[in-house]
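Trainee: Let the hints inform the model, and build the full structure from the sequences given.
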Amino acid sequence: MRILAIESSCDETAIALLEAKGQSLNLLKNQVYSQISIHKKYGGVVPEVAARKHLETIIPLLGSILGKDKLKNIDYLAVTAGPGLVTSLLLGLTAAKTLAYANKLPLVAVNHLEGHVYSNWLTSSDLVKNPKKFLPALVLIVSGGHTELVLMKGHGQYQSIGRTLDDAAGEAYDKVAKLLSLGYPGGPIVSKWADKGNTKAYDFPKPMLTSPNFDFSFSGLKTAVLYTLEKKKNINKKDIADICASFQAAVVEVLTTKAMIAAKKYQVKSIMLAGGVAANKALQQSLLQKSKSQNLPFFYPAANYTGDNAAMIAVAAYYNVVAKSGRIIKNKDILTLEPEANWQLSKNKI
Amino acid sequence: MPEYISKNVADTTKVATELAKKLTGGELVALSGNLGAGKTVFVKALAESLGVKDVITSPTFVLMKVYVPDNKKINKFVHVDCYRLEGQEDLSDIGLGDYLNDDKIIVVVEWADKVLNLPAKTIRVNIDYRGGDKRHIVID
Ligand SMILES: Nc1ncnc2c1ncn2[C@@H]1O[C@H](COP(=O)(O)OP(=O)(O)O)[C@@H](O)[C@H]1O
Ligand SMILES: [Mg+2]
Chain U
1 MRILAIESSC
11 DETAIALLEA
21 KGQSLNLLKN
31 QVYSQISIHK
41 KYGGVVPEVA
51 ARKHLETIIP
61 LLGSILGKDK
71 LKNIDYLAVT
81 AGPGLVTSLL
91 LGLTAAKTLA
101 YANKLPLVAV
111 NHLEGHVYSN
121 WLTSSDLVKN
131 PKKFLPALVL
141 IVSGGHTELV
151 LMKGHGQYQS
161 IGRTLDDAAG
171 EAYDKVAKLL
181 SLGYPGGPIV
191 SKWADKGNTK
201 AYDFPKPMLT
211 SPNFDFSFSG
221 LKTAVLYTLE
231 KKKNINKKDI
241 ADICASFQAA
251 VVEVLTTKAM
261 IAAKKYQVKS
271 IMLAGGVAAN
281 KALQQSLLQK
291 SKSQNLPFFY
301 PAANYTGDNA
311 AMIAVAAYYN
321 VVAKSGRIIK
331 NKDILTLEPE
341 ANWQLSKNKI
Chain W
1 MPEYISKNVA
11 DTTKVATELA
21 KKLTGGELVA
31 LSGNLGAGKT
41 VFVKALAESL
51 GVKDVITSPT
61 FVLMKVYVPD
71 NKKINKFVHV
81 DCYRLEGQED
91 LSDIGLGDYL
101 NDDKIIVVVE
111 WADKVLNLPA
121 KTIRVNIDYR
131 GGDKRHIVID
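Quick mapping for you: the protein sequence lines, in order, are chains U and W. Each residue of the first sequence is one higher than the one before, starting from 1 at the first, in my numbering. Each residue of the second sequence is one higher than the one before, starting from 1 at the first, in my numbering.
This list has only true hints and no planted wrong ones.
Computed list of lysine-lysine pairs in DSSO-like fashion (alpha-carbon distance at most 27 angstroms, straight line): (1) W/LYS134 - U/LYS233; (2) U/LYS178 - W/LYS114; (3) W/LYS7 - U/LYS233; (4) U/LYS178 - U/LYS232; (5) W/LYS65 - U/LYS178; (6) U/LYS104 - U/LYS330; (7) U/LYS232 - W/LYS134; (8) W/LYS7 - U/LYS206; (9) W/LYS7 - U/LYS178; (10) U/LYS178 - U/LYS192; (11) U/LYS97 - W/LYS65; (12) U/LYS21 - U/LYS153; (13) U/LYS72 - U/LYS21; (14) U/LYS133 - U/LYS264; (15) W/LYS121 - W/LYS65; (16) W/LYS7 - U/LYS231; (17) W/LYS7 - U/LYS232; (18) W/LYS134 - U/LYS206; (19) W/LYS134 - U/LYS178; (20) U/LYS231 - W/LYS134.
Honestly, the hints are just simulated from the structure, not real lab data. Keep in mind that this is a model prediction, so the values were computed, not measured.
Mentor: Listed below in structure tokens is the structure:
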């Protein structure tokens, strides 16, 4: 089965071509056009600029992926339908709807977060060959817009067990980077500084660490950094490194602790990390170490699949088709598909 | 122009709840104030007293979240965050056109100073950081 997938939920325009057969995934093409360099100068994503860039990029990208065969050997189209920026989602959705309808191909509307979950399947052939061995899994989804603990019982079966009550972890990184005037995107910059700092220099709050549930809160951590900066007259490089290291240690400790408690409570067979913040080395190391001590397999996506990409959307679509679990749309129904900016992973699945 | 000194989250919640009681639908509430001032804290309280049962989370990343409150008069509570904008756009550019000036809808905008052409009858709320947990709130 060949799947052509399009992803445009935020500031990357991405297209991938996947050939999937039983227990093998063969990624034939995978291209990501990132707008980060464009949005850098604004310190964030500008929706109008993002939408315009998606529009400029999508057609040439499609052309280069499909070549002269066009859609001849494609069985399914897949597209990210949410969550994300409505204005960005619309571009990918319009392209996918047009291609699917005009060529009489079924269209799979994929949840972006489910895509992130399946970035682990792109990375580990063990998961592809023998998913039963590792499911149910506890998935920690962390990105700029999401921080959520999800119990994955099988393909397409998710149960949300905890989430952030205010800011997402990735957002906290971005905002701390902003408070320290370090630039955009905040995640990689803050963790780079953190490598050179002392994690114990500041005793930042570890929000909700001991709360009897699986929810998170990161807005107070941002304020704690703000208060620290207000108290200091001037800050030098060592202060920045120490603040970043202490901040990151707080985030990682809360995420890891809650994930491990949840893993135990739900008696999962593995732990998975997913989303943009999955690229964070400190978080990977912490989860790896803790899951090792509990004899639990731990999966995290390869670096090139942590960010937004269409390969993960194609894989999610494949398992949607296999498990008959997702939103597979045909014929005229394709035309009524709309972006769902706040599409939650579990509401629609259980 | 009411002014308040808030010493903690509970105080800020009280001010927001008071404002919520005065809203009848169709209003636009525009919040300004720096990172960590407590804009989202304010919106959470506002939403809750208008009958939003879902947890309000920061819309910074997706720009806008729409909630359906349990309220006879108001059927949508729209939470917008312009943090990522650069002051080039107005509310209709970011897809808000449908929600404005509808008396069954309340729109609340964080970082309202980053968006152009707010309607004249906008309710403006400014939160200033005053050291520690102290905040100065002005509603106008
Ligand atoms: N008096 C206060 N009013 C509001 N928030 C306060 C106050 N004192 C401390 N805080 C804390 O400040 C933080 C405000 O965060 P948030 O509402 O996300 O800020 P903003 O949306 O303005 O960036 C919260 O963690 C809150 O607990
Ligand atoms: Mg906020």
